[in-house]
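Chemist: Sequence:
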Amino acid sequence: MDARVAIADRFVRLAGRLVAVGYLIALLLVIPDLADQAGAVAAWWTPCTIVVVFGPGLAMGALSFHPDSGWMRRAATLAAIGYPVATGAWLIAWHHVPLHADQWLADVPALAGLAAAVAWPAWVGLLTLVVATCVATVVNHTGRAPEVNVPFVPDLLYATGYSALFVAGLLMFVRTGRLLQTIQLDAFRGAASAAALRGRADERARFAALTHDWVMSTLLTAARGGDRDTVRRQALRTLNYLDDLEHPFGRVVDAPNTAVRLRAAITHIDPNLPITVEIAPGIDRWAYPAAAVSVTAAAAGEAVRNSLRHAGSGAYRHVGVRLDGTGFEVTVSDDGVGFDTSVERPDRLGITLSIRARMRQLGGGSAVITSGLGVGTTVRLSWSGPLIDQRTVFGEYGRSVAKSPAPLGMRTLLGMRTPAARLLVGGYLIAYAASIATTPALSSDPWPTLACLVLTVVATAAVLAVPGDPPALGVSLAILAVGGPGQFAIASAVSSMWQDTTAQEWSLGTAGAVCTFLCLRGRVALGWVALLLVFVEFAIRAGLPADGARGFTVPFLYLAPLVAATFFARIIRPVASTVLDLRADTLHRVSAEAAEAAAIAERDRQLRRLGRLTRPLLEQLAGAAPIDDVRDECALQEAELRDALRAPQLAQSPVVAAARAARSRGVEVLLYDEHGLDDVTEQVRHRMRTVAVGELDRARDGSVVVRIQRPDRRPLVTIVANGSDGTRRTELDRDAHPSVRAVGA
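End of the sequence shown sits at 877 in the working numbering; the numbers just go up one at a time, nothing left out.
Treat the hints as calculated values from the structure; they're not laboratory data. A virtual CB, placed ideally from N, CA and C, is assigned to each residue, including glycine. A portion of the hints provided could be inaccurate.
[To be verified] Ranges between beta-carbon positions, derived for each pair:
hint	residue 1	residue 2	range
1	G171	D200	38 to 44 Å
2	P843	P413	47 to 53 Å
3	T502	T859	35 to 41 Å
4	E814	R206	54 to 60 Å
5	R369	V500	24 to 30 Å
Start from the sequences and build out the full structure, keeping to the hints where you can.
Modeler: This is the structure:
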């Protein structure tokens, strides 16, 4: 199974390994009690329990590496079922010898819930935990000696509430994987769709620039009676550009070749234009993306062409090329007539399409045009981005290989920000308060008891709420001090709380939980120090060694979740982040492939369209035969291409045919589209085109101007027909309903 795709499966496998570590640590920590209590039960029960409960639990970790995760789930199922069965069987095997400590297996009911969280849905896992804690509490309540026994309900609340904290955390971890898996396909589809749109848009922009710079320029030169040799050379270069599109050059270009390509794009247009090239020292080992070089060269060529057309015959022109370790820059300047850059003109296609749009679609590219009336024009084209070390072999330029700057936050992985987490912790604290309310300690020493409860609430809430992984050092110290040694110091100092087993268990459990979850959130060393301080407090208060007759020794069993949390924080947490890095890498790959596929499809479509419309004409212009008889056709074809660039909503079959017929009659046809109809229905567009076709068919001389206005303008479409029979202005509203008025004769 592809690890980059099956995120949910990877998360479940990680959970299985974590639970297996929990089983191993629990087994090691209960060995002393296991040995002490072996004589209280039939000889068959202890080895059978180890095989039935701990065998599948440990096998779960090994099977998590099996290609088929179903084997791991089967082991988890056996472990989850085996725990309540083996614990309940203790009542049959028991010799009715009173215990002065908890029955050793009943001390770890969370194991059944953790195994169930790996094998089954969340509700089954929680139900399994409830069954396991009920059986464990019954066994403890039945087997303990009366002098060390505790009330059944507080004991059950403690076993269920404390265990549920860890089971719920694991369930939320598994749920995170499922959610990522669920949204993954949608994310991939959405990213692929967006990338495909961008790929098609970029390819359309590239072809629009090519059409304007070369195809239309060649046809216009021919239509206006240009020199035959000039037309032939230009037609050949245009055909070469079209052919090159089918076989794009390599992905990277070194610095010297970059300078050569940029210079060549300019000298093709004006061989006598002065060019200054500056290459910074020390960049010989670096290369630039070929796409960046190609796009910038084409934009620079258009800037030179515009200067030759519009700056004036007496203008001085200069081109500067600079390459350094950050990128490259091409500056085209003249001291000609200039223009007002603040005035936007929809017919200024050279600047809009061939320069600005070209550089805008290029990652890291920019185009800055400064000009003014009478002060000349400067076009500064630049590209900046990561350079490519030519000593490194790249399979794919631009592929993202960087990892996430920080590991995935534990609050996210464990669902600690969710309402379910707050509800669970709230239930745990309510159970704590309810248990404390039934103890004699509350009536004899109310304020210390309440203070211990308040500190617990504050520390537990802070574990959920404090941002950052790991939390700030000062905040972490405060949480651990309050929720660990601080609140337990109260419990151990107040005699009534110390002598009350319920209060003591809750205080120890809370300290263990706070230390464990702070460990999960990255404060591993601090968590260990805090819990060890709690153990020191316990040992000092109990006396060294502790009085075994009371049923309590230093509670090392609380180390089990802390050890598992350390394993999680140090091993599984980075792996989980790697899983998401792989997902991000896959997302990037899917996007790149979709964009490339869409660009190829769009390129093929545009090549077919351009080939169908212009290649026969260009091949005729590139030949040796006279072209006088095709100059009119060149003019008509150039006008149609210009319509397709300036007015895509109007460049449809009925309008194209009507415009061609009108131009053949000598009518000047100008079509503009400022995108006011981009979001209307096709029915509205059809009505608009029908009206435009009617005006074009009616015109016999003069001019027809069809303009789709900006979305915020009213009327949305204007059609002005000016001829010998007068001037007619037709206005269309947003639904393309016309109102016609005569302007003058």
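Chemist: State for each hint whether it applies.
Modeler: Hints, one by one, checked against the model:
For the hinted restraint 38 to 44 Å between G171 and D200, the CB-CB distance of approximately 43 Å keeps it satisfied. P843 and P413 have their C-beta atoms about 52 Å apart, which keeps the hinted 47 to 53 Å range intact. Evaluation of the 35 to 41 Å hint for T502 and T859 yields a pass: the beta carbon distance comes to about 39 Å. Judged by the Cβ atoms, the range 54 to 60 Å given for E814 and R206 holds: they are separated by roughly 57 Å.
Distance hint check: the CB atoms of R369 and V500 are about 28 Å apart, consistent with the given range 24 to 30 Å.
Checked against the numbered hints above, the structure breaks none of them.
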